[in-house]
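A.B. asks: The chain contents come next:
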Amino acid sequence: MSGERALARVCAAALDALRRSRPLVHHITTEVTSGDVANATLALGALPVMASAVEEVEEVAARADALACNLGTLTPLRAEAMVRAAGAAAARGIPVVMDPVGVGGTVLRTETAARLLAAAPGMIVRGNPAEIAALAGASAQMRGVEATGGPADPVAVVRALARSTGGVVAMTGARDYVSDGETLVAVDNGHPLLRRITGAGCMATAAVAAFAAAGTPALVAAAAALATFGLAAERAAARASGPGTFHAALFDALDALAPDDVANGARLAVLEGEMRWT
Amino acid sequence: MSGERALARVCAAALDALRRSRPLVHHITTEVTSGDVANATLALGALPVMASAVEEVEEVAARADALACNLGTLTPLRAEAMVRAAGAAAARGIPVVMDPVGVGGTVLRTETAARLLAAAPGMIVRGNPAEIAALAGASAQMRGVEATGGPADPVAVVRALARSTGGVVAMTGARDYVSDGETLVAVDNGHPLLRRITGAGCMATAAVAAFAAAGTPALVAAAAALATFGLAAERAAARASGPGTFHAALFDALDALAPDDVANGARLAVLEGEMRWT
Amino acid sequence: MSGERALARVCAAALDALRRSRPLVHHITTEVTSGDVANATLALGALPVMASAVEEVEEVAARADALACNLGTLTPLRAEAMVRAAGAAAARGIPVVMDPVGVGGTVLRTETAARLLAAAPGMIVRGNPAEIAALAGASAQMRGVEATGGPADPVAVVRALARSTGGVVAMTGARDYVSDGETLVAVDNGHPLLRRITGAGCMATAAVAAFAAAGTPALVAAAAALATFGLAAERAAARASGPGTFHAALFDALDALAPDDVANGARLAVLEGEMRWT
Numbered sequence: 001m002s003g004e005r006a007l008a009r010v011c012a013a014a015l016d017a018l019r020r021s022r023p024l025v026h027h028i029t030t031e032v033t034s035g036d037v038a039n040a041t042l043a044l045g046a047l048p049v050m051a052s053a054v055e056e057v058e059e060v061a062a063r064a065d066a067l068a069c070n071l072g073t074l075t076p077l078r079a080e081a082m083v084r085a086a087g088a089a090a091a092r093g094i095p096v097v098m099d100p101v102g103v104g105g106t107v108l109r110t111e112t113a114a115r116l117l118a119a120a121p122g123m124i125v126r127g128n129p130a131e132i133a134a135l136a137g138a139s140a141q142m143r144g145v146e147a148t149g150g151p152a153d154p155v156a157v158v159r160a161l162a163r164s165t166g167g168v169v170a171m172t173g174a175r176d177y178v179s180d181g182e183t184l185v186a187v188d189n190g191h192p193l194l195r196r197i198t199g200a201g202c203m204a205t206a207a208v209a210a211f212a213a214a215g216t217p218a219l220v221a222a223a224a225a226l227a228t229f230g231l232a233a234e235r236a237a238a239r240a241s242g243p244g245t246f247h248a249a250l251f252d253a254l255d256a257l258a259p260d261d262v263a264n265g266a267r268l269a270v271l272e273g274e275m276r277w278t
Numbered sequence: 001m002s003g004e005r006a007l008a009r010v011c012a013a014a015l016d017a018l019r020r021s022r023p024l025v026h027h028i029t030t031e032v033t034s035g036d037v038a039n040a041t042l043a044l045g046a047l048p049v050m051a052s053a054v055e056e057v058e059e060v061a062a063r064a065d066a067l068a069c070n071l072g073t074l075t076p077l078r079a080e081a082m083v084r085a086a087g088a089a090a091a092r093g094i095p096v097v098m099d100p101v102g103v104g105g106t107v108l109r110t111e112t113a114a115r116l117l118a119a120a121p122g123m124i125v126r127g128n129p130a131e132i133a134a135l136a137g138a139s140a141q142m143r144g145v146e147a148t149g150g151p152a153d154p155v156a157v158v159r160a161l162a163r164s165t166g167g168v169v170a171m172t173g174a175r176d177y178v179s180d181g182e183t184l185v186a187v188d189n190g191h192p193l194l195r196r197i198t199g200a201g202c203m204a205t206a207a208v209a210a211f212a213a214a215g216t217p218a219l220v221a222a223a224a225a226l227a228t229f230g231l232a233a234e235r236a237a238a239r240a241s242g243p244g245t246f247h248a249a250l251f252d253a254l255d256a257l258a259p260d261d262v263a264n265g266a267r268l269a270v271l272e273g274e275m276r277w278t
Numbered sequence: 001m002s003g004e005r006a007l008a009r010v011c012a013a014a015l016d017a018l019r020r021s022r023p024l025v026h027h028i029t030t031e032v033t034s035g036d037v038a039n040a041t042l043a044l045g046a047l048p049v050m051a052s053a054v055e056e057v058e059e060v061a062a063r064a065d066a067l068a069c070n071l072g073t074l075t076p077l078r079a080e081a082m083v084r085a086a087g088a089a090a091a092r093g094i095p096v097v098m099d100p101v102g103v104g105g106t107v108l109r110t111e112t113a114a115r116l117l118a119a120a121p122g123m124i125v126r127g128n129p130a131e132i133a134a135l136a137g138a139s140a141q142m143r144g145v146e147a148t149g150g151p152a153d154p155v156a157v158v159r160a161l162a163r164s165t166g167g168v169v170a171m172t173g174a175r176d177y178v179s180d181g182e183t184l185v186a187v188d189n190g191h192p193l194l195r196r197i198t199g200a201g202c203m204a205t206a207a208v209a210a211f212a213a214a215g216t217p218a219l220v221a222a223a224a225a226l227a228t229f230g231l232a233a234e235r236a237a238a239r240a241s242g243p244g245t246f247h248a249a250l251f252d253a254l255d256a257l258a259p260d261d262v263a264n265g266a267r268l269a270v271l272e273g274e275m276r277w278t
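From first to last, the protein sequence lines stand for chains C, F and G. First residue of the first sequence? That's 1 in the numbering used here, and the numbers climb one at a time after it. First residue of the second sequence? That's 1 in the numbering used here, and the numbers climb one at a time after it. First residue of the third sequence? That's 1 in the numbering used here, and the numbers climb one at a time after it.
Heads up, a few of these hints could be off.
[Said to hold, decoys possible] Which residues of chain G face chain C? A partial, calculated answer using Cβ under 7 Å: (1) 35; (2) 39; (3) 42; (4) 55; (5) 58; (6) 62; (7) 251; (8) 252.
[As the list claims (entries may be wrong)] A short list of chain G residues far from chain C (calculated; beta carbon distances all over 10 Å): (9) 31; (10) 107; (11) 122; (12) 156; (13) 256.
Hint data in this document are derived by calculation from the structure and do not stem from the laboratory. All C-beta atoms, glycine included, are put in the ideal place defined by N, C-alpha and C.
Go ahead and model the full structure; you've got the sequences and the hints to work with.
C.D. replies: Written out as C-alpha cells, the structure reads:
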C-alpha cells in the first residue's frame, strides 16, 4: 500500500469516527453563511449548535465537542462572545477552530484574531492564503475577504504560523496545506466551483471542527476534513450546471460520502515530517 | 367519510383560506434560517415581514396578521424585541407563535421563553420533544438544539403544557402532537430528510403562523400547518437526491401543494377529545 | 440597428466591463438574504465583502469599488454603520446604492433612508414601487415589505425622486423604470417567480452595485443590471419546477450569462430623454 493510500485510509477512519460519534459542534459564525455552516455540519454527520450571545456562549461551548469561531461580519460583541467561548472550551480541552475571515483587512478583525489565539493556545486555524499570510506576518494580496495572490512560499508560511501558535494551521486553495509545525501535508481534493459560491471556506472550517469534535487529533482532523470536503465538491460539481445547483449538490455529496469513498478518493501527500495518526 | 378524511378536509380548507387571504406574518427569527423562514412563508402563500429591532417591532407587529418569535441565536436585545412585539400583537388579538429553540439549554433562552409566554398568554408553541418537555417541566435528552430523546409520555407533556399556558402546543417529531389541553391530534406526515437540514423546525413554525394568520383557529391552524408542511416534505423527498436538493425541492412542493392534495394526503388522528373547526 | 438593440449592446458592454474588472462590492445588508446577495455578486463576476460593524465599515468601504446599503432587518447600529460607510464612500467618489427595504413602513427605516441620502448625495436608489413612492412622497399600498399596489403614475414618481436626490432611481416591478431625472428607461426583462422568493430585490440591488463598481455610469449601470438580472431570471425559470429550484437555477444563470446573451435578450426602451453611454 502506497503512502498516499495509507493517508487516505486514515482520513476514511476519521470520517467513520465522525459518523459514529455524532459530535456536537458549537458555531459562532457570520450571518452570511450560518445556514450553510449548519447544513454542512449536519450533512457530515455532526450536530450544529448556533449561539453567539455573550450571555450564553460559555454555557453552550462547555457542553460542545468542538467550538468553531468565524470572523466574518464581525462585531465587537460577537468578538467578545468568541473570546469567552474559546476560553471556556480551552479550559475543558475542547478543540477550538478559528476561521480568520478578512484578518489583516481591518483593525477589528486583526485584533480579534490575536485575542482568540491567546484565549485558546494551540487551536486550529483554517484560512485562505492571504489570511494565513497576514497572521504569519507575511505579505499577500487580498481584495475584500478573497485572497487574490498567495504568499510566495505557502509551505513556509503555514509551517511558520503553526510553530508560532503551537497549533495546527490549514491553508486552503488550489492545493491545501496542513501543518502542525513539524509534519506538513498537502491535500489536492477540491473543485474551482468552490470559489464561485460564498461560504465555501466557512464550510471547510465547519468540516475541520466536525472531524476534531469526533476526537481525531488536530493534524489528521484538518487533513481528513479538507480531503472529505474537497472530494464532496468534486462529486457535486459533476452533477451541477453552475454555482447554484453546485451549492445544493454539495450538501447531497457531503451526506452521501462513505468512508470507502474517502479511502479511494482522498489525495494527500506528506511534504515534510511524517504523519502520526495514533 | 371517515374521521381521518374529515380532518384532512378541514386542513385543506385552512390551506385554501391561507391562499385566498395572503396574510402578513411578522417574523423575529434566527439569522441562521431567516431566509428559509421567509421563503417558506412565501411558498405557502403568505407574505413575510422580517423586522427585529426594538425600535420598530411594535409598529410592524401591530400591522401583521400573525407574529412568530424564534429563540435561535438569541441575544438580550432580540429577546426584548420579541417581548415588545408579542405584547403589541396580544393587545390587538393578533395570533402569536413561539419556537422555543434550545429552551432549557441556556438561562437566556429559558428566561426569554417565560417572558414571552407571559407577554402573550394563550399563544401557540411549536417545538421539538426536548423543548416542549423543558417548558412543561418534564425531562428529556437534548444535545445542543436537537432533541435526542423525547419525553417518556409525549401526549401527557403536550397536554400538560397546553393546559398550563392556556394556548395550543405543537410537538414535532416522527409523529407530531397538537393539543389545546382538551383535544389532542396526531399528525403523521413528514419525512426523515427534515432532520438532515437546518431550519426544518423554524419552517414548520412559520407554517403554523401562516395558517393562524389567515384566521384559522389555533388548534386547527397548527394541525393543518404540520400536515401541509409534512406532506410537502414527503413530495420533496421523492424528487431529492440528498439534503441539499431536498431543501430546494421543499419550497417547490410547498408552492405547488393544492388544497385537494392536502385533502387526499393529510394523515391525522384525534387521540383525545374532539376536533371543532368552527 | 434599432434603438432597442443599441441599448441592449450597451448593457452587454457593461457586463463585459464587469467581468473584466472583477470589482469589489461592499455590502451592508439584511441577515435574511446576505448569503444570496454575496452569491449573486459572485455569480455576476464581482467580489463581495460583507462587513457591517460601525468599527470597520469605513476601512472596508474606502477600499471597495461600490457600496450597497440594504435597510432590511435594520437596527440603529447597522443604520449608523451604513451612514458612516456611505460618507466614506462618497468622500472618495465610490458609487453608493441604497435598497430602502420597508421605507415608509417604520420610523427607523424612513429616518435611516433620509440620513443615507444626505450622507451620499447623488446615490443610486433601487426599490419596489411602494418604497420609491414613499421616498418620493407619493402614496402607494404596502404590506410589510411588499408593494401590493404601485403609485398611479410610476414614471412621474421615478423621475421626481431622481430629480430631488440628484441621483439615479430604479423602480422594479413587472416593468422596471430607471431614471436620472432627465432620461427614463424601461426594462422589460424578468419573471413572476422573482416574486415567489425572498431576496430578489436585494439581489437586483447587488447587481446594480456590481455594474456601477465596474465604472459604468449610474444610469447605464442600473439599466444594464436590471436587464441582466431579469434575463437570468427568465433563463432560470425555464429550468425550474418551483421557487426552490428557481432560486438555485438563478445563480447558475447569472454565472452563465455572456455579454452576447445580454445583447440578444435585453429588452429596454427609452421613454424620456436620450441614453448617453459615454
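A.B. asks: For every hint, state whether the structure bears it out.
C.D. replies: Evaluation of the provided hints:
The interface hint given for residue 35 of chain G is met, as the beta carbon of that residue sits about 5 Å from the closest beta carbon of chain C, less than 7 Å. Proximity of residue 39 of chain G to chain C holds as hinted, the smallest CB-CB distance being about 5 Å (cut-off 7 Å). Contact between residue 42 of chain G and chain C, as hinted, is supported at the beta carbon level, the nearest pair being about 6 Å apart and thus within 7 Å. The closest approach between the C-beta of residue 55 of chain G and any C-beta of chain C is roughly 5 Å, which is under the 7 Å cut-off, so the hint is satisfied.
For residue 58 of chain G, the shortest C-beta to C-beta distance to chain C is roughly 9 Å, which exceeds 7 Å, and the interface hint is violated. Annotation: interface hint on residue 62 of chain G violated; nearest CB of chain C at approximately 11 Å, more than 7 Å. For the restraint placing residue 251 of chain G at the interface with chain C, the shortest Cβ-Cβ distance is roughly 3 Å, inside the 7 Å limit, so the hint holds. Using the Cβ-Cβ criterion of 7 Å, the hint placing residue 252 of chain G at the interface with chain C is satisfied: the shortest such distance is roughly 3 Å.
Distance check on residue 31 of chain G: its Cβ comes as close as 4 Å (rounded) to a Cβ of chain C, failing to clear the 10 Å threshold; non-interface status is violated. Consistency note on residue 107 of chain G: stated as away from chain C, and its beta-carbon is indeed over 10 Å from all of that chain's, at 24 Å minimum. Even its closest Cβ contact with chain C, about 24 Å, leaves residue 122 of chain G beyond 10 Å, as expected for a residue assigned away from the interface. Once the 10 Å rule is applied to beta carbons, residue 156 of chain G is consistent with being away from chain C; the minimum gap is 38 Å.
Listed as a non-interface residue, residue 256 of chain G fails to keep its Cβ farther than 10 Å from every Cβ of chain C; the least gap is roughly 6 Å.
The structure does not agree with the numbered hints 5, 6, 9, 13 stated previously, though it agrees with the rest.
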